[in-house]
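K.L.:
Next come the chains, spelled out residue by residue.
2 protein chains.
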Amino acid sequence: MTNTINVVQYGLGPIGTESARKILEKSDNGIRLVGAIDIDPKKVGKDLGEILGSKERLGITVSNDAREVFRSTKAHVAVHTTSSFLEKVFSQLAHCAESKVNVVSSTEELFYPYDRHPKIAEELDALAKRNDITIVGTGVNPGFVMDTLPLMATGMCTKIRSIKVERIVDASHRRLPLQRKIGAGMSVTDFEEKKKSGTFGHIGLRESLLFIAAGLDWHLERVEESLEPMIATRDIKTPYFEVAKGQVSGIHHLISGYNNATHSLSLNLKMYIGAENPHDSIFVDGDPPIDLVIKTGVFGDSATVAALVNVIPLVVASAPGLMTMKELPVLRSLGS
Amino acid sequence: MTNTINVVQYGLGPIGTESARKILEKSDNGIRLVGAIDIDPKKVGKDLGEILGSKERLGITVSNDAREVFRSTKAHVAVHTTSSFLEKVFSQLAHCAESKVNVVSSTEELFYPYDRHPKIAEELDALAKRNDITIVGTGVNPGFVMDTLPLMATGMCTKIRSIKVERIVDASHRRLPLQRKIGAGMSVTDFEEKKKSGTFGHIGLRESLLFIAAGLDWHLERVEESLEPMIATRDIKTPYFEVAKGQVSGIHHLISGYNNATHSLSLNLKMYIGAENPHDSIFVDGDPPIDLVIKTGVFGDSATVAALVNVIPLVVASAPGLMTMKELPVLRSLGS
Numbered sequence: 244m245t246n247t248i249n250v251v252q253y254g255l256g257p258i259g260t261e262s263a264r265k266i267l268e269k270s271d272n273g274i275r276l277v278g279a280i281d282i283d284p285k286k287v288g289k290d291l292g293e294i295l296g297s298k299e300r301l302g303i304t305v306s307n308d309a310r311e312v313f314r315s316t317k318a319h320v321a322v323h324t325t326s327s328f329l330e331k332v333f334s335q336l337a338h339c340a341e342s343k344v345n346v347v348s349s350t351e352e353l354f355y356p357y358d359r360h361p362k363i364a365e366e367l368d369a370l371a372k373r374n375d376i377t378i379v380g381t382g383v384n385p386g387f388v389m390d391t392l393p394l395m396a397t398g399m400c401t402k403i404r405s406i407k408v409e410r411i412v413d414a415s416h417r418r419l420p421l422q423r424k425i426g427a428g429m430s431v432t433d434f435e436e437k438k439k440s441g442t443f444g445h446i447g448l449r450e451s452l453l454f455i456a457a458g459l460d461w462h463l464e465r466v467e468e469s470l471e472p473m474i475a476t477r478d479i480k481t482p483y484f485e486v487a488k489g490q491v492s493g494i495h496h497l498i499s500g501y502n503n504a505t506h507s508l509s510l511n512l513k514m515y516i517g518a519e520n521p522h523d524s525i526f527v528d529g530d531p532p533i534d535l536v537i538k539t540g541v542f543g544d545s546a547t548v549a550a551l552v553n554v555i556p557l558v559v560a561s562a563p564g565l566m567t568m569k570e571l572p573v574l575r576s577l578g579s
Numbered sequence: 244m245t246n247t248i249n250v251v252q253y254g255l256g257p258i259g260t261e262s263a264r265k266i267l268e269k270s271d272n273g274i275r276l277v278g279a280i281d282i283d284p285k286k287v288g289k290d291l292g293e294i295l296g297s298k299e300r301l302g303i304t305v306s307n308d309a310r311e312v313f314r315s316t317k318a319h320v321a322v323h324t325t326s327s328f329l330e331k332v333f334s335q336l337a338h339c340a341e342s343k344v345n346v347v348s349s350t351e352e353l354f355y356p357y358d359r360h361p362k363i364a365e366e367l368d369a370l371a372k373r374n375d376i377t378i379v380g381t382g383v384n385p386g387f388v389m390d391t392l393p394l395m396a397t398g399m400c401t402k403i404r405s406i407k408v409e410r411i412v413d414a415s416h417r418r419l420p421l422q423r424k425i426g427a428g429m430s431v432t433d434f435e436e437k438k439k440s441g442t443f444g445h446i447g448l449r450e451s452l453l454f455i456a457a458g459l460d461w462h463l464e465r466v467e468e469s470l471e472p473m474i475a476t477r478d479i480k481t482p483y484f485e486v487a488k489g490q491v492s493g494i495h496h497l498i499s500g501y502n503n504a505t506h507s508l509s510l511n512l513k514m515y516i517g518a519e520n521p522h523d524s525i526f527v528d529g530d531p532p533i534d535l536v537i538k539t540g541v542f543g544d545s546a547t548v549a550a551l552v553n554v555i556p557l558v559v560a561s562a563p564g565l566m567t568m569k570e571l572p573v574l575r576s577l578g579s
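Which chain is which? The protein sequence lines are W and F, in order.
For what it's worth, the numbering used here labels the leading residue of the first sequence as 244, then goes sequentially.
For what it's worth, the numbering used here labels the leading residue of the second sequence as 244, then goes sequentially.
No wet-lab data here; the hints were simulated from the structure.
Check each hint, because a few of them may be wrong.
One copy or any two copies: either way a pair holds, since identical chains are not told apart in the list.
Restricting the straight-line Cα-Cα distance to at most 25 Å, the calculated cross-link-like pairs of lysine to any residue (SDA-like) are [stated by the list, open to error]:
no.	residue 1	residue 2
1	Lys538	Glu519
2	Lys402	Phe542
3	Lys424	Leu497
4	Lys402	Glu268
5	Lys407	Val536
Predicted model only: the values in this text are computed from it and were never measured.
Produce the entire structure from the sequences given, and follow the hints as far as they go.
P.N.:
Structure follows, in C-alpha cells:
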C-alpha cells in the first residue's frame with residue numbers, strides 16, 4: 244500500500260469507539276483516522292479524544308453531518324457501526340456511496356442482504372458501482388465464525404453431506420448492549436413478548452446460513468428457525484447486572500436449511516450469561532471430513548472490531564459494488 | 244457460472260488421477276474434463292478411463308503433447324500435478340500460459356514462489372499477464388492448514404505477538420509416494436544422507452511461512468529451519484511396507500521466523516507412520532487470541548485434490564497474473 248487510506252469512523256457506540264481506537268493505533272500501517280460521525284448531541288462538537296476517554300486532543304471533532312465530514316476529510320473509507328438493521332442504515336450508506344466513500348459496516352443484515360432485503364441490496368450495488376466504491380458488511384458473527392470460516396473449511400472437501408456450526412458464548416464478558424439484546428435478566432413472559440418484535444436476539448443468523456448456501460450454490464428449499472430463551476439455573480452476577488435463577492440468561496437461536504434432501508446445514512447459537520464450555524465448532528461431513536474447534540470461542544467484541552479494521556485495505560482494493568466476504572480475498576490482520 | 248469450464252488434467256500420478264476422477268464427478272457443476280496429459284509411455288495413447296481403472300471408455304486419450312491437447316480441447320484450465328519443484332515445471336507452466344490456459348498447480352514451490360525463485364515468479368507473472376491467464380499453486384499443505392487458514396485466523400485479531408501452527412500427520416494412511424518422501428523405513432544414516440539432497444522431506448514449509456509473513460507484512464529478519472527423522476519406537480506395518488523399530492518412521496520439520504523481536508511465527512510439522520494424536524492446530528497469541536484445532540487433521544490426499552478442483556472457478560474469475568491463495572477469494576467446495 245503506497246497511499247494512506249483516510250478513514251472516518253461512522254458511529255461511536257461501544258464497537259465504534261473501539262474501532263476508532265484501533266484505527267488510531269494502526270496509523271503507521273497505511274490507514275489514518277481523519278473523521279468521526281455520530282448523531283448523539285452529547286458527542287457532537289466534542290473532540291474525539293474526549294469521547295475515547297483520552298486526555299489527548301486528537302483534532303478530530305465529532306460531527307453529525309456525514310457528507311460534510313467526507314468532503315472535508317477526503318475520506319476513502321467509512322467504518323460504519325450504527326445499527327443492525329439495513330432499512331435503518333440505508334440512507335447512511337447511500338450518503339457514503341454518493342460521497343465516493345467505501346463502506347465497511349457492522350450492520351448484521353448487510354452481511355448477506357440478498358434474501359431479507361433484495362431491493363435494498365440491488366440499490367446499494369448500483370449506487371456503489373455508479374460511484375466506484377465498495378460496500379461490505381462484516382464482523383465476527385455474522386462475518387466469520389458461523390459463515391466465512393465454515394465456507395472456507397468446505398474448500399478442503401469434494402463432497403459434502405452436512406455442515407453443523409455451533410457457537411456457545413458466555414455473555415458475561417460481553418458489552419452491555421449485547422447483554423440487553425439477548426434478554427439477560429428478563430422474565431420468560433417478557434422474552435416471549437419481545438421476541439414478537441422480530442428485532443430481538445442475535446441478528447444475522449439467517450444471513451450466515453444463506454451466505455454459506457450461496458457460496459456452495461445450494462438452493463435451500465426449506466429453512467427452519469427457532470429462538471428460545473436460556474433460563475438461569477442459579478443466581479448470576481455480571482459487571483452490569485444480576486440475573487436471578489429462573490430468569491432469562493440469554494438466547495438459544497437455531498437455524499437449519501435443507502437442499503434436495505441430500506444436504507443439511509445448521510447453525511446453532513447459544514449466547515447466555517454463565518455459559519459452560521464456550522467454544523466455536525464447525526463440522527463438515529464431507530470428503531474428507533473437517534472437524535474444527537476454536538477453544539473458548541472467538542471473543543466477539545474485539546474480534547468484530549478487528550474484522551472491521553482489517554478489511555479496510557481489502558475493500559479499497561476490491562472491484563466496485565456491494566460485496567460479501569466470499570467475494571473478497573482471505574482476511575488477515577493489518578499492521579500487527 | 245454460465246459457461247462450462249474446460250479442464251485438462253496435466254499429470255496422472257496419484258493426485259492427478261484422483262483429481263481427474265473428481266472433475267468427472269462434478270461434470271454437471273460448470274466444469275468438464277476434456278483432456279489428459281502425462282509423459283509416462285505406459286499411459287500415453289490410452290483412454291483415460293483405462294488409466295482410472297474404470298471399464299468405461301471416456302473418449303479422452305492421454306497425450307504427452309500438452310500444447311496440442313490445449314489447442315484441440317479449447318481448454319480453459321489445466322490442473323497441473325507433476326512435480327514439487329518449480330524449476331522442473333517451469334516449461335510446463337509456460338506452455339500452459341502460452342496456450343492461454345489458466346493453471347491450478349499442486350507444485351509446492353509455486354504456492355509462494357517469491358522467496359526461493361524470485362526470477363521464475365517474475366517470469367511466470369509476466370507470461371500470465373501477457374496471455375491473460377492466472378496461475379496459482381495450492382493444496383492442503385502448502386495451501387491451507389499451515390498458511391491460508393492461519394492467515395485468515397489472524398483476520399480476527401488487531402494485535403499479534405506470535406503464531407504457532409502444528410500439523411501432526413499419521414502417514415500410515417497416506418499414498419505411497421508420500422511415505423517414501425518422508426523416508427519411512429530408512430535407516431537414520433540413509434536419512435541424513437538423503438537430507439543433503441535438499442529435495443527430501445516435506446516441500447513447502449518455507450513457502451507457508453513466507454506466505455503468512457507476506458500476508459501480515461512482516462519482514463522476517465531471521466528464519467530457522469530444521470529437518471529431523473522421527474524414529475519408530477516399535478515395528479510398524481502399513482499397507483505398503485514395514486518399518487522396524489529403530490528405523491525412520493517419518494519427518495519432524497520445523498521452521499520459525501522472527502520479525503523485529505516482537506513477532507514470532509513457527510510451523511511445526513510431524514509426518515510419520517504411527518503418529519499419535521494426529522491433528523492440525525493454530526494458536527494466534529493476539530487480541531483476541533485464537534486457539535483453533537482440527538481434530539485428526541485435514542486428510543492430506545483427498546483435501547489436496549479438493550483444493551485443486553475447488554479453486555478452478557476462482558482462478559478463471561481472477562485477474563490475470565501469478566497469484567497466491569491470499570489474493571483469491573475464500574475457497575469453497577464446488578458442486579457439493
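K.L.:
Each of the hints needs a verdict: does it hold here or not?
P.N.:
Hint check results:
Taking the shortest alpha-carbon separations for Lys538 and Glu519, both the intra-copy value of 12 Å and the inter-copy value of 21 Å come in at or below 25 Å. In the homo-oligomer, the alpha carbons of Lys402 and Phe542 lie at most 25 Å apart only across protomers (14 Å), although the nearest pairing inside one protomer, at 31 Å, exceeds that limit. Taking identical chains as interchangeable, the C-alpha atoms of Lys424 and Leu497 lie at most 25 Å apart only when both belong to the same chain, with a minimum of 16 Å there against 46 Å between chains. Proximity of Lys402 to Glu268 under the C-alpha cut-off of 25 Å is restricted to the inter-copy arrangement: shortest distance 10 Å between copies versus 44 Å within a copy.
When the C-alpha separation of Lys407 and Val536 is checked against a cutoff of 25 Å, the pair qualifies both within a copy, at 12 Å, and between copies, at 16 Å.
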